[in-house]
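Participant: Construct the entire structure; sequences and hints are all you get.
Take a look at the letters that make up each chain.
Number of protein chains: 2
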Amino acid sequence: MKNTNENVNQKVKLDDVANEAGVSKTTVSRVLNNRGYISEKTRKKVHEAMELLNYHPNEIARSLFINKTFIIGLIFPTTNNPFYGQLIFHLENISEALGYKVLLCNSEGREDKEKSYLEMLQRHQVDGIIAGSHNRGILEYDNPQLPLVGIDRYLSENTPVVSSDNYDGGKKATQLLIDKGCKKIIHINGSPSLETPANLRREAYEDVMKENQCYPQSYVIGENVIETIFNENPNIDGIFASDDLIASSVMKEAKRRNINIPADLKVIGYDGSEITRMLLPELSTIQQPVKEIADLAVQLLLKQINGETESKIEWKLPVKLIESETT
Amino acid sequence: MKNTNENVNQKVKLDDVANEAGVSKTTVSRVLNNRGYISEKTRKKVHEAMELLNYHPNEIARSLFINKTFIIGLIFPTTNNPFYGQLIFHLENISEALGYKVLLCNSEGREDKEKSYLEMLQRHQVDGIIAGSHNRGILEYDNPQLPLVGIDRYLSENTPVVSSDNYDGGKKATQLLIDKGCKKIIHINGSPSLETPANLRREAYEDVMKENQCYPQSYVIGENVIETIFNENPNIDGIFASDDLIASSVMKEAKRRNINIPADLKVIGYDGSEITRMLLPELSTIQQPVKEIADLAVQLLLKQINGETESKIEWKLPVKLIESETT
DNA sequence: GACAACATGTCAACCGGTTGACATGTTTAA
DNA sequence: TTAAACATGTCAACCGGTTGACATGTTGTC
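Residue numbers (the working numbering), protein chains in the order written: chain A, 273 to 599; chain B, 273 to 599.
Wrong hints could be hidden among the right ones.
The list treats identical chains as interchangeable, and a pair is accepted whether it falls inside one copy or across any two copies.
[What the hints assert, rightly or not] Okay, derived cross-link-like pairs now, DMTMM-like style, lysine to aspartate or glutamate, Cα gap no bigger than 25 Å in a straight line:
hint, residue 1, residue 2
1, K317, E391
2, K385, E554
3, K563, E495
4, K524, D384
5, K387, D288
6, K575, D479
7, K563, E368
Hints in this document: simulated from the structure, not taken from any laboratory.
Facilitator: Right, dumping it as structure tokens:
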């Protein structure tokens with residue numbers, strides 16, 4: 273009953289609070305969870321005791337019982353990238369506002385890491401996962417009965433995918449280069465073996481090129497690819513890179529070769545994240561609505577978590593063409 | 273005893289595995305934790321049962337009992353920043369390699385968010401926290417009996433702080449500008465009210481300036497500050513920005529005013545993160561050893577977690593001057 | 001042949017909350 | 001006056017693992 277405080281050495285638990293406040297364990301729990309009848313006087317007493325003892329309810333114990341952790345797992349290649357950095361920032365932000373915490377997993381695009389993260393997240397009883405990484409199939413195979421949302425990645429037949437309107441983005445980018453008078457336009461993208469809606473950027477590129485009687489030609493990003501492109505295509509006058517980092521490498525190489533942008537070569541990227549806009553404002557790009565993507569992804573995940581159904585699988589959000597100095 | 277599989281609807285638990293394998297709960301636990309005597313035959317049986325049922329041990333239950341979660345909390349302003357993005361990537365990476373998971377908290381530099389995150393992390397029974405955000409005092413006040421490490425931030429008297437050698441970095445940067453013949457050098461930094469070792473960058477700047485009979489003048493970053501600097505100092509010929517993003521804004525403004533860099537104005541930044549180097553390679557900067565900082569921070573945290581003592585409080589890692597086109 | 005080491009089982013307490021059932025007493029409203 | 005609503009307590013089961021104590025039986029070895 274008495275305040276036997278004086279630097280508690282062990283963790284304070286609910287029992288201790290009950291003793292301090294002179295009430296029962298059940299009453300404290302009632303105060304904590306706002307259930308049943310509680311008088312203001314008792315509520316105050318309990319809160320004071322909690323304050324005095326510096327009590328922090330053990331979420332682990334709570335989670336175990338209620339069978340819910342309020343944790344969401346995020347699996348993405350890396351935070352060390354302007355687009356993902358911004359996306360993850362918003363995902364965390366929105367989740368936090370809705371009472372969820374976030375376990376961060378940097379898969380580095382490696383299948384083995386992704387697999388072990390998935391396993392780890394299941395052991396940790398996360399309430400759901402948002403992933404934007406690697407191959408279809410892995411998650412499908414393990415078939416966790418877990419709420420799941422993909423960002424720019426197909427995870428399985430029935431998991432919702434949120435992405436920007438990649439086809440429209442690819443169309444806008446290609447069309448701009450053509451409108452600016454480019455004749456020999458090349459597209460550079462990531463590995464097309466990944467099953468991602470981002471491949472639509474290339475599809476749109478090819479369609480628009482053909483519509484304009486141009487021959488589409490794509491390169492997959494990799495070691496020395498950009499040099500190769502310049503070497504193999506001396507008459508190149510337009511490049512559509514499927515992300516801004518690639519575009520920046522293109523610009524660097526062009527500079528090295530004294531190719532003037534935009535006079536001799538026009539370049540457009542994709543993503544338009546805040547950091548890229550800040551550090552490389554001269555680059556024209558297709559901007560993804562990152563915050564909206566994050567918003568929708570969390571919303572769809574929470575729907576699943578709460579058992580609501582939603583039949584729409586593919587969600588596309590509008591992109592914005594940002595024209596700058598490279599076109 | 274029999275495989276009563278056929279799509280398990282509820283969560284598989286240890287009991288189910290025991291039944292499937294035809295052994296006792298204790299034996300399964302022994303296999304799982306590698307304790308006591310277990311024959312190869314039994315071990316195999318148990319593993320097969322786990323596979324068959326697609327069993328994932330409930331870490332929550334385990335954590336509750338062993339009183340350890342293997343989770344580390346990370347409190348940083350944002351992942352949407354080249355430096356923090358890279359730092360957080362490495363922190364997660366290293367933690368993962370050592371068997372720890374990471375709860376991500378974007379404080380946005382807000383005191384209230386930081387406070388509520390701290391509270392949340394304690395409820396979730398994290399094993400420790402690495403923070404690189406905001407004011408001293410908050411964490412100290414709450415005085416959590418929690419392993420704690422700061423990165424570039426003093427958190428309390430006795431919490432270790434890891435940072436780059438800020439004084440040396442500031443010295444190198446300023447000296448470079450002076451060596452290049454700058455006479456009127458201005459420093460731009462973040463709020464000096466934050467108690468962070470990063471303030472040493474400015475101290476070094478001031479010391480070097482005085483040593484060279486120059487008058488040191490610092491501005492705090494904020495709305496329109498850069499314009500103000502140019503307006504108030506028409507004869508300015510050198511700027512040392514305390515991070516690369518600020519430096520990039522300086523470059524942008526200089527371009528707008530047709531001030532030629534480096535001919536009329538030399539600029540040097542601080543951080544040298546991968547993304548900045550990639551997008552803005554022409555910027556001279558002081559590069560922090562991000563991976564080494566992350567490495568050391570995790571190491572120091574684990575030491576605390578494991579009850580080992582370490583009396584050294586301030587850790588400084590060497591920086592590297594990267595000279596490029598802006599100086 | 002005996003004793004140590006190996007192999008496994010049963011049982012129950014425990015980690016720190018949550019919850020339902022039930023009891024008792026006090027207010028409040030009709 | 002009396003029933004409903006309010007306020008709190010006790011008790012025990014439960015969430016899903018872990019662990020120690022103790023029992024029993026099998027091998028291996030000197």
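Participant: Okay, which hints does this one fail, numbers in order?
Facilitator: Of the numbered hints, 2, 4 and 6 do not hold.
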